[in-house]
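Following the hints, put chain D in place on chain B, whose structure we already have.
Protein chains in written order, with our numbering: chain B, 1 to 381; chain D, 1 to 305.
Treat the hints with caution; some may be incorrect.
[What the hints assert, rightly or not] Computed footprint of chain B on chain D; a stretch qualifies when at least three of its residues, placed anywhere within it, have a C-beta under 8 Å from a C-beta of chain B:
1. 109-123
2. 128-139
3. 205-218
4. 270-279
[Unchecked claim] Label-pair distances were calculated between CB atoms; the ranges are:
5. B:358 with D:125: 16 to 26 Å
6. B:363 with D:10: 41 to 51 Å
7. D:146 with B:73: 36 to 46 Å
8. B:155 with D:271: 20 to 30 Å
9. D:75 with B:358: 29 to 39 Å
10. B:277 with D:263: 52 to 62 Å
11. D:116 with B:355: 12 to 22 Å
12. B:110 with D:116: 29 to 39 Å
13. D:61 with B:339: 51 to 61 Å
Since the hints were derived computationally from the structure, they do not count as laboratory data.
Every residue, glycine too, gets a C-beta built ideally from N, C-alpha and C.
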Amino acid sequence: MKMKTLVMAASVAALSAGGAWAEEGKVKVGMITTLSGGGAGLGIDVRDGFMLAAKMAGNENLEVVIEDDQRKPEIAVQLADKMIQSEKVDVMTGIIWSNLAMAVVPAATAQGKFYLSPNAGPSALAGKGCNKLYFNVAWQNDNLHEAAGAYANDAGYKNTFMLAPNYPAGKDALTGYKRTYEGEAAGEVYTDLGQTDYAAQIAQIRASGADSVFFFLPGGMGISFLKQYANSGVDLPVVGPAFSFDQGILQAVGEAALGIKNTSQWNKDLDNEANKEFVAAFQEEYDRLPSLYASQGYDTANLLLSAMDKADVSDADAFQAALKEADFASVRGKFSFSNNQHPIQDYYVREVVKEGDVYTNKLVGPSLTDHADAYAADCKM
Amino acid sequence: MSLILLIEQVLNGVQSGIMLFLMAAGLTLIFGVMGLINLAHGSLYMVGAFAAAAVAAATGSFLLALVAALAAAALAGCLIEMTVIRRLYDRDHLDQVLATFALILIFSEGTRFLFGSFPLFLDIPSALSGPVMLPGGIQYPLYRLVIIGVGLAIAAGLFLLIARTRIGIQIRAGEADREMIAALGVDIAKLYTLVFALGAALAGLAGALVGAIQSVQVGMGEPVLILAFVVIVIGGIGSIKGALIGALLVGLTDTLGSVLLPLLFANFMEASAATSVGSSLASMSIYILMAGVLLFKPTGLFGEA
Numbered sequence: 001m002k003m004k005t006l007v008m009a010a011s012v013a014a015l016s017a018g019g020a021w022a023e024e025g026k027v028k029v030g031m032i033t034t035l036s037g038g039g040a041g042l043g044i045d046v047r048d049g050f051m052l053a054a055k056m057a058g059n060e061n062l063e064v065v066i067e068d069d070q071r072k073p074e075i076a077v078q079l080a081d082k083m084i085q086s087e088k089v090d091v092m093t094g095i096i097w098s099n100l101a102m103a104v105v106p107a108a109t110a111q112g113k114f115y116l117s118p119n120a121g122p123s124a125l126a127g128k129g130c131n132k133l134y135f136n137v138a139w140q141n142d143n144l145h146e147a148a149g150a151y152a153n154d155a156g157y158k159n160t161f162m163l164a165p166n167y168p169a170g171k172d173a174l175t176g177y178k179r180t181y182e183g184e185a186a187g188e189v190y191t192d193l194g195q196t197d198y199a200a201q202i203a204q205i206r207a208s209g210a211d212s213v214f215f216f217l218p219g220g221m222g223i224s225f226l227k228q229y230a231n232s233g234v235d236l237p238v239v240g241p242a243f244s245f246d247q248g249i250l251q252a253v254g255e256a257a258l259g260i261k262n263t264s265q266w267n268k269d270l271d272n273e274a275n276k277e278f279v280a281a282f283q284e285e286y287d288r289l290p291s292l293y294a295s296q297g298y299d300t301a302n303l304l305l306s307a308m309d310k311a312d313v314s315d316a317d318a319f320q321a322a323l324k325e326a327d328f329a330s331v332r333g334k335f336s337f338s339n340n341q342h343p344i345q346d347y348y349v350r351e352v353v354k355e356g357d358v359y360t361n362k363l364v365g366p367s368l369t370d371h372a373d374a375y376a377a378d379c380k381m
Numbered sequence: 001m002s003l004i005l006l007i008e009q010v011l012n013g014v015q016s017g018i019m020l021f022l023m024a025a026g027l028t029l030i031f032g033v034m035g036l037i038n039l040a041h042g043s044l045y046m047v048g049a050f051a052a053a054a055v056a057a058a059t060g061s062f063l064l065a066l067v068a069a070l071a072a073a074a075l076a077g078c079l080i081e082m083t084v085i086r087r088l089y090d091r092d093h094l095d096q097v098l099a100t101f102a103l104i105l106i107f108s109e110g111t112r113f114l115f116g117s118f119p120l121f122l123d124i125p126s127a128l129s130g131p132v133m134l135p136g137g138i139q140y141p142l143y144r145l146v147i148i149g150v151g152l153a154i155a156a157g158l159f160l161l162i163a164r165t166r167i168g169i170q171i172r173a174g175e176a177d178r179e180m181i182a183a184l185g186v187d188i189a190k191l192y193t194l195v196f197a198l199g200a201a202l203a204g205l206a207g208a209l210v211g212a213i214q215s216v217q218v219g220m221g222e223p224v225l226i227l228a229f230v231v232i233v234i235g236g237i238g239s240i241k242g243a244l245i246g247a248l249l250v251g252l253t254d255t256l257g258s259v260l261l262p263l264l265f266a267n268f269m270e271a272s273a274a275t276s277v278g279s280s281l282a283s284m285s286i287y288i289l290m291a292g293v294l295l296f297k298p299t300g301l302f303g304e305a
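For reference, chain B alone in the conformation it holds in the complex (with noise of 0.2 Å):
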């Protein structure tokens, strides 16, 4: 689908009409995100996460140029060789899915660009595939179905139905949980990507003897799943990753999502100032709460500017030596990069709750402390 090609180039600071400055220390970001289409939700909100960071920091060195990829993988290539080669950015950011991340981020490094990614995390890029310039501020894509699989240990859960789309992501959702999850499995089911109806699943978890769910379904197919799992009488636990419980989707789900625990590096209550900040701020910004996706956006944007304060871009060693010092204070509290250049993190357990006429998530507990992830070891840097 060839959509119109929504441009929006978004300068952060006014360059003031007589004021000269400085070339060095000037630092030129290029965005590319899905801000049409179904997915255009969570581009959304890294974009404003991002650019609240840039905004309160009112850092005049930073330039952001912000591209729509719809989701297409061929239209996020294009974008990027625009971005690389006519607008001259010296560091990218925004991909929201893996399979177009696959698609920029290997190329992008290669003509010496920094990525730092604020959502995706394939797995091909942490280990063997892991570079100098690519930096992760989310997660490893495996990470968040671990902190699920460890947290379905602590619940008891011994017999786990476990439901995931038929691609990548989806396969290395059940690697994931599995690699912490100790019980047996009750079924394991793929489904297809962007399928609507699950029926004919919940009549195989009915069937199965399960004692839970453990269910990857990101954005619509989550809240397919959730309306239809309310209403089918099955009554097991269901345990998944934050990507079906955001902020954006669960007033789309309502009350079929209460009680359900899922897990997540971020939470708008975790108590650190950072976080308390941010989420006044965000509010007061944009009129809504701030998701997981948010979150990494404004994280990425902090990243970025702590290691602008430290280094020039063009100096690319000193600048990479920077960033992975990670010296910003994160909403998620502590925040580290390993080897791999991917986060050390908490993983927690939440609740979906609700807040007077909002459906959102409330802190559980910890699940995963100090968490890298399980490639990082063949990441030879």
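Chain D only, in chain B's frame:
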């Protein structure tokens, strides 16, 4: 697999087939009578779902929401028929595909403009929520049974409309020879608008009914549209009966394929590989069905040569 599970899956297949029928009936009517390929049919489905969600949020009544979905989709159908579609009847199919594809984009971005990028909430009414116990100890969601009932009633209504009423005679005559019925004094432009609005209303109703158990979001119509095209190709273009049989075949093949194929492969493969291969093959199954039907009946099951 137990018999109960099998019966439940057959019910699921029938229910998804009935929903497909509501989409495919409009599509096949429009193609049969006007000779028009309408890619924007999925957008009308989305319009119905969004109208229902908006009205349900404002009034809390599911019945009003359904009425709103019918009205909004029929209205949108009339509007695009009179402004765009009407100019396409004499053009070739490629022009029609291009123009209606443009309509998809306009509808999608227009909906995003009005409702934002986040999915909307639409829930089933509390009277229809929860499962019921069927004879034989089968637990089945009441709402899905209601969908089957509503769909069958609409199918019966359509058959009566086409076979027994004056409008139906005109529609059938329009399919057979449009110049002749125009010469006989039937206002063909009005008839076309009516048929298009009817098809649109059916799509809107399907969108609202399905939106209550799925997610109401921009772009929700396109996956269904592809299936609906498969249905009318299998059933025979222009045939309502074909659309019903085709929709049930596709619904059953899709549902039972996704359940039975992984089990079949599990007999001679390792479990997780069987799941993977079985699921991949299951998503191909309806296209294999379509190819098989076309091999023996190139015009579809009930199509006229």
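- Contradicted hints - numbers only: none
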